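The listed protein sequences correspond, in order, to chains A and B.
The numbering of the first sequence is my numbering, which starts it at 1 and goes up by one.
The numbering of the second sequence is my numbering, which starts it at 1 and goes up by one.
Just to be clear, a hint being listed does not mean it is correct.
Stated by the list, open to error - To give an idea of the chain B side of the interface with chain A (calculated C-beta under 7 Å), a few residues:
{"#": "1", "residue": "L186"}
{"#": "2", "residue": "L190"}
{"#": "3", "residue": "R191"}
{"#": "4", "residue": "N195"}
{"#": "5", "residue": "F197"}
{"#": "6", "residue": "G198"}
{"#": "7", "residue": "V231"}
{"#": "8", "residue": "V235"}
Unchecked claim - Distance ranges between label pairs, derived from CB positions:
{"#": "9", "chain 1": "A", "residue 1": "L23", "chain 2": "B", "residue 2": "F172", "range": "22 to 32 Å"}
{"#": "10", "chain 1": "A", "residue 1": "I12", "chain 2": "B", "residue 2": "V52", "range": "46 to 56 Å"}
{"#": "11", "chain 1": "A", "residue 1": "L23", "chain 2": "B", "residue 2": "V179", "range": "37 to 47 Å"}
{"#": "12", "chain 1": "A", "residue 1": "A11", "chain 2": "B", "residue 2": "R54", "range": "22 to 32 Å"}
{"#": "13", "chain 1": "A", "residue 1": "F52", "chain 2": "B", "residue 2": "M45", "range": "22 to 32 Å"}
Because the hints were derived from the structure by calculation, they are not lab data.
This one's a predicted model, so the numbers in the text were calculated from it and none came from an experiment.
Using N, Cα and C, we set each Cβ at its ideal position, and we do this for glycine too.
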Amino acid sequence: MESLAFGLTYAIAAAGCGIGLGLVGLGAVQAAGRNPEALGKIRTLMILAMSFVDALAIIGLVVALIVKFLK
Amino acid sequence: MYALFASEVPQVTVAPITLFHFGPIAITNSQMLGFLGIAILLAVMFGTVRAVKRGSRGRFMHLIMMFFESLYDTTVEVIGDKRVARKVLPLAITLVFFFLINNWLGILPFVGAVTYHGHELFRGAAADMNTTFALAIISIVTAQAWAIKRHGFFGNIGRYLVNPFKDPLHSFEGALEIVAEFSRTLALSLRIFGNVFGGEVLLAVIAYLSGFAAFISLPLFYVLELFVGAVQAYVFFMLTVAFISLGLPSEESSHGGATEEKH
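Here chain B stands alone, though its shape is the one from the complex:
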């Protein structure tokens, strides 16, 4: 009787499961939820655009517009230059909406319950290291591209490699910056992966431990996971914008170099 009501012993799989092959490309269950999230996001966003153009604004449209505007204001505040901020915005805001909708979809009950040939059909998109690492690489490369656009190709290299005989301190700082770029990429991807994957494991373990009392304890942790998912999406956005703004020279210091990295 107890075994009927108690949930199963949680099965932890770190890597996503390959469901089927689409030509040479393997489709995993994380990608399935990612595609679902993108489809929902596109529908919501096109719906909002159409509603705004028609002039009819419901409560939901207002909510999305408010969220969008607050993100816009944050980006302009961090980058400082409104013209540059408007060009950075599409990537940054897409990232935050993508992670937000996928983190929230990932904790819905149908994830893990729906199976396909004995495997789970869905799995949180950010609970797959491949997704988060790819997006972290995209944001770091974008930051480098902006730095190259501002400083020029050799100017950008000059931010990292400084002549040690002229300026020993900044040369050491520049060498540290090279390591920092790689550790930033890793930390950026691990942060959101760890939070989402850890959240899934936490929910499974709580459901297993509480047994009959799961209906009391689980909603509390679901609220926590909703909060964590939203905060981590915002943190990813914030860090992407901050990395881009690091590569852009500020107005008061005109000379390029590692000094701009200090804040």
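Looking at chain A on its own, in the form it has when it is part of the complex:
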């Protein structure tokens, strides 16, 4: 049961962040398709937005680790 909780804590966070990352990538690719000259700026913004979304999944991972190792 505890292992399941450990897995699910990360899995649920990662599922939501996967959708979020997909949306960020979709937006960036569409923007690049419309305006290929601005690719450099779009890439910077995309990485910035991705790191925001990424952080949530990693916070989920850290919470899972804390629950597992700090009893």
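Use these hints to put chain B onto chain A, whose structure you have.
Same frame as chain A, but now just chain B:
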């Protein structure tokens, strides 16, 4: 034979270990790496300043100057007012350089390998929640101080507490803003802590899982961690500047209130 080559089962400790006491202050292993990072940073920066004053510019000095100038341009772009931006810069750029050098020092092999009385002597500075939370509090308090300087003390309170009979919608928005300030502090500190600490655990787990093949798989993840460390340092800087710019009124809307929070 296998046990000789395979790395150990990763030991995860969330809290840093106290090494010794310096008077009443406990010195932890995260602080040790933090001090080392600050010492390296001071040496590099003073070296750059001296080289620029002498007029001799090497490649490394150029790199640091380019990085500094791009951060300067970003700050001016986000804040909009060049005079204010120049005052915000010292804190913001110190933060990005501090996190950058500590995130990169934290994944070097000597961290965790060097021990002192059986404990690890070094641990990533941002892999300690105390460091990141303290710096997040500093950046939020700075943002509040700028808002108070611009709006006045009661004007700043007026951004959060609006009379509900006059303006019910903005009063609700203002109440949400109070909660948002606290959640911003927590999210700002957890973001960089999670990335750095998660990165360390990731490296340990990859080293354990790959066993003999660690020399192939680990460099790839080291490159990933170098990238993540740089991006997270930049994100911390970006968010600090953005929070400060939220408290400053924009030119077109002269009336104070929660409307300025929308962008």
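Comparing the hints with the structure gives:
1. Proximity of L186/B to chain A is violated relative to the hint, the smallest CB-CB distance being about 10 Å (cut-off 7 Å).
2. Below 7 Å, beta-carbon pairs count as interface contacts, and L190/B has one with chain A at about 5 Å; its hint therefore holds.
3. The interface hint given for R191/B holds, since its Cβ lies 4 Å from the closest Cβ of chain A, which is under the 7 Å cut-off.
4. Against a cut-off of 7 Å between C-beta atoms, the interface hint on N195/B holds, since the closest Cβ of chain A lies about 5 Å away.
5. At about 6 Å, the closest approach between the beta carbon of F197/B and any beta carbon in chain A falls short of 7 Å, and the interface hint on this residue holds.
6. Hint status for G198/B: holds, given a least beta-carbon distance of 5 Å to chain A, under 7 Å.
7. Checking V231/B against chain A: minimum C-beta separation of about 5 Å stays under 7 Å; hint holds.
8. At a threshold of 7 Å, the smallest CB-CB gap from V235/B to chain A is about 5 Å, leaving the interface hint in force.
9. Distance hint for L23/A and F172/B: a CB-CB separation of about 28 Å, consistent with the stated range 22 to 32 Å.
10. Evaluation of the 46 to 56 Å hint for I12/A and V52/B yields a pass: the beta carbon distance comes to about 51 Å.
11. Checking the proposed 37 to 47 Å range against L23/A and V179/B shows it is violated: the Cβ atoms sit about 25 Å from each other.
12. Separated by about 57 Å at the C-beta atoms, A11/A and R54/B break the suggested range of 22 to 32 Å.
13. Taking 22 to 32 Å as the suggested C-beta distance range, the pair F52/A and M45/B conforms, at roughly 29 Å.
In summary, the structure is inconsistent with hints 1, 11, 12 from the numbered list given earlier, while agreeing with the others.
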